[in-house]
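Visitor: Got chain H sorted already, so can you dock chain X onto it with the hints?
Just so you know, the sequences run in chain order H and X. If you use the working numbering, the first sequence corresponds to residues 155 to 631, in order. If you use the working numbering, the second sequence corresponds to residues 155 to 631, in order.
Just so you know, same-sequence chains aren't split out, so a pair can sit in one copy or run between any two.
Pairs of lysine-lysine residues, derived as BS3-like cross-links and limited to a Cα-Cα distance of at most 27 Å, are as follows:
| hint | residue 1 | residue 2 |
| --- | --- | --- |
| 1 | Lys560 | Lys362 |
| 2 | Lys549 | Lys362 |
| 3 | Lys598 | Lys588 |
| 4 | Lys549 | Lys203 |
| 5 | Lys329 | Lys362 |
| 6 | Lys362 | Lys564 |
| 7 | Lys161 | Lys533 |
| 8 | Lys346 | Lys618 |
I should point out that these hints are in silico values taken from the structure, not numbers from a laboratory.
Protein chains: 2
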Amino acid sequence: MFIMLPKYDILTDEQIQTIHDNTMRILQEVGVEFSYEPAIEIFRKHGQKVDGHRVYFDREFVEEMVEGAPSEFTLHARNPEHNLICGGNNTIFMPGYGAPFIHDVDGNRRNATIQDYDNFVKLAGASKNLHMTGGNVVEPQDVPDETRHMSMMYSHITNSDKCFMGSASGYEKAKDSIEITALLHGGLDVIKENPALVCLVNSVTPLKFDDRMLGGLMAYAEAGQATIIASLVMSGSTGPATIAGALSVQNAEVLAGITLGQCINPGTPVIYGSTSAITDMASGALAIGNPECALFISASAQLARFYGVPSRGGGGLTDSKIVDAQSGYESMMTLFAASATGINFVLHSAGILQYYMAMSFEKFMQDDEIAGMVSRYIKGIDMTEDKLAFDVISKVGPGGHYLTQKHTRKNFKVEFYKPSLSDRQSYDGWANNKLTANQRGNQKWQDVVENYVSPVLDPDVKQKIDEYIAKRSKELL
Amino acid sequence: MFIMLPKYDILTDEQIQTIHDNTMRILQEVGVEFSYEPAIEIFRKHGQKVDGHRVYFDREFVEEMVEGAPSEFTLHARNPEHNLICGGNNTIFMPGYGAPFIHDVDGNRRNATIQDYDNFVKLAGASKNLHMTGGNVVEPQDVPDETRHMSMMYSHITNSDKCFMGSASGYEKAKDSIEITALLHGGLDVIKENPALVCLVNSVTPLKFDDRMLGGLMAYAEAGQATIIASLVMSGSTGPATIAGALSVQNAEVLAGITLGQCINPGTPVIYGSTSAITDMASGALAIGNPECALFISASAQLARFYGVPSRGGGGLTDSKIVDAQSGYESMMTLFAASATGINFVLHSAGILQYYMAMSFEKFMQDDEIAGMVSRYIKGIDMTEDKLAFDVISKVGPGGHYLTQKHTRKNFKVEFYKPSLSDRQSYDGWANNKLTANQRGNQKWQDVVENYVSPVLDPDVKQKIDEYIAKRSKELL
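Pulled out of the complex, with its shape left as it was, chain H reads as follows (with noise of 0.2 Å):
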């Protein structure tokens, strides 16, 4: 899907290079710490001047370096329909990541289960408005965490054909997810050169990075797929109180990161990728709903754009605990944020309630609608001769009405933008049940799992999967 208006730039260009500047000090004179050490290696061999786990860069390098990242790229599915382009003009929609929780449609909590991930799987495989189907869609509690990685991964591949992510959990699981996808598309030499797995790798806020995440990197770095490097500073907390400060540590961060991936293979796909929101005060939870995770949403648009990356940022983002007014107006903001400002791949994008703890199959719903609501948004306003309709204006003149206009009858379906969850009835029509958005998300997310048909999946290519998780899960646990 692709932003056809300007995208929206909320920094000048002096902003921007002074988010730059203060990112390039803090890199130089503050450092990044490491803790793995094959990365420390590389950074040393590269000419950085390395003290302890602590790396001080240089400003040159880090720039050259992140310079070499490509713009853009292509995200390979099974079904070559649903490949998708990351960067320039192209957002990409896809269900949240990592909540260990489900809510229901009466706030209550409960562990999520494999179930839950295949349910959430078929949703985003039936959506007209997400683009992939997401990984780590929720931590399955029912199987076990050696094998987990597996079954989600298996679950991508069997309920859809749209791409997804795999596990950035270390260097071993990072591998399993990169020897599946090479078997779904015919090979490691054929996903190297067309990429088809994408992973999450996070810092640890402030200017750090594990063992874990970094062994993710260099797996998915050698294999040449593609890796989000996302930095979550929580402001008040593990970063400044003030957005400005914030965004700097979180540039640091990425820019470390970025450059690690092409020192190990130059030129291989990063985006960058932004989390940063704020901390409540009062309790030091993080907050994500807010103006300010927009502000941080929208800064890195444009940072990612300076950088010539493509970008992560925004999603469906909320602190509400039910699918409720505040869950639609926090997550519209986010999410709308992310769309104008132009993000390129939009984690989280639907499902997420309670800062990332919980996924909700109505929260689905209800973020479905509005992925669809911004879609329609940043497509613009049609200014060819027809959509002008000088001719049906002069036509029907003062006073008249437009509806049986034929200029009507053919263009309205493709104008508007047609609600699924959103209620348009009269108070009436409305009252005779009363039934609010996140009732009506309860109903027809259970339609649609039930009438959802995965897309046939070669038997040989399924077969060599399931031996490959088969003989894996043996060895694992």
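Guide: Here is chain X on its own, set in the frame of chain H:
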């Protein structure tokens, strides 16, 4: 309140010119109908071609008249601290306008009363996020239609010292609004010099203006009070089913109205108003909480800038009948679009449900929060040296935390918006009573109204207004 971010221009200069050219062609070749003889007489005097009620405009004449309208003006409150600049980088929020019904927390409907009216004015008076108490905030059904315009105005004057709107329902009611405001401010000459009143003049789409509205426009223009010339094109029924076509019809109507205002009193303050939206093609009803409406809002902000006049558009717009996720995401979309694209005067910022048919106190609290959130967003990112925070970033270093830093304590209250309705608790905290935003809003608005203290009104001024209303009521009833 200011937009400190660059304004979001969704149209290119070329697209603006295209709409302008299409509009000029409509004004010249299709024309606009005015049912009010004095208006037609004015156009005839200015050399425009008149055929019955239809006026065909010269392009140069319209361009010249619109050029003469002020780009911004100050609206005066009885408390000068609440004076407002309308135009430029300023955004003014106020309650909804004109709804006959109240929907309660459970989605039940009843007629609005003058007690409701007072309560909405008090909520707007108490709000940090709303700048005016609005006008016609509901249609109170328990006061006589003949004198309702004065009952409503009296509520604004006695319950708050912020700016408010007057009636534009015909020349006589408009005159009452102006006379009462003159009593409040010390004379007609005082408010002619320092405008203190603004009214809403709606076209009759497509391409018409009726007697009542033209009478209002004439009275306000003569008295030097501000007039919003607003068009609500229902794309698909009262206008073409294309955004570009409907926008052109809207633009023709608004420019015709602005031209008339400037003919009556050159330099009189006018506001370019858009409430254009779409038709729900299934029912034929208006639908306002949608991306097409957000595009109309955004494009209108830019058209008004092109013409050098303040803009009105947007609000917390929704088609929902209750405060739920839909009311949340639709209202955020339309208020965010209005704010980021630089709309100056945002009628309907708080309280509206069901495409202008109803007001809700819970919705008011939802929208007050949304207004606070978007206000924070458009304040942007402060990049002064202290906010860049290099020193504290250096001091805390990798792996540390910022919670106890002086820099944090000093900055978080300035940088972070403090929510009033949104819940940021943990799941367990929230699960104690599982309140939705709708339920919290219900508690909150009652607290605010209960604790509200109306600002003191000079007893002599009050007596004069009382006498005026008593005298006029005798004549009208």
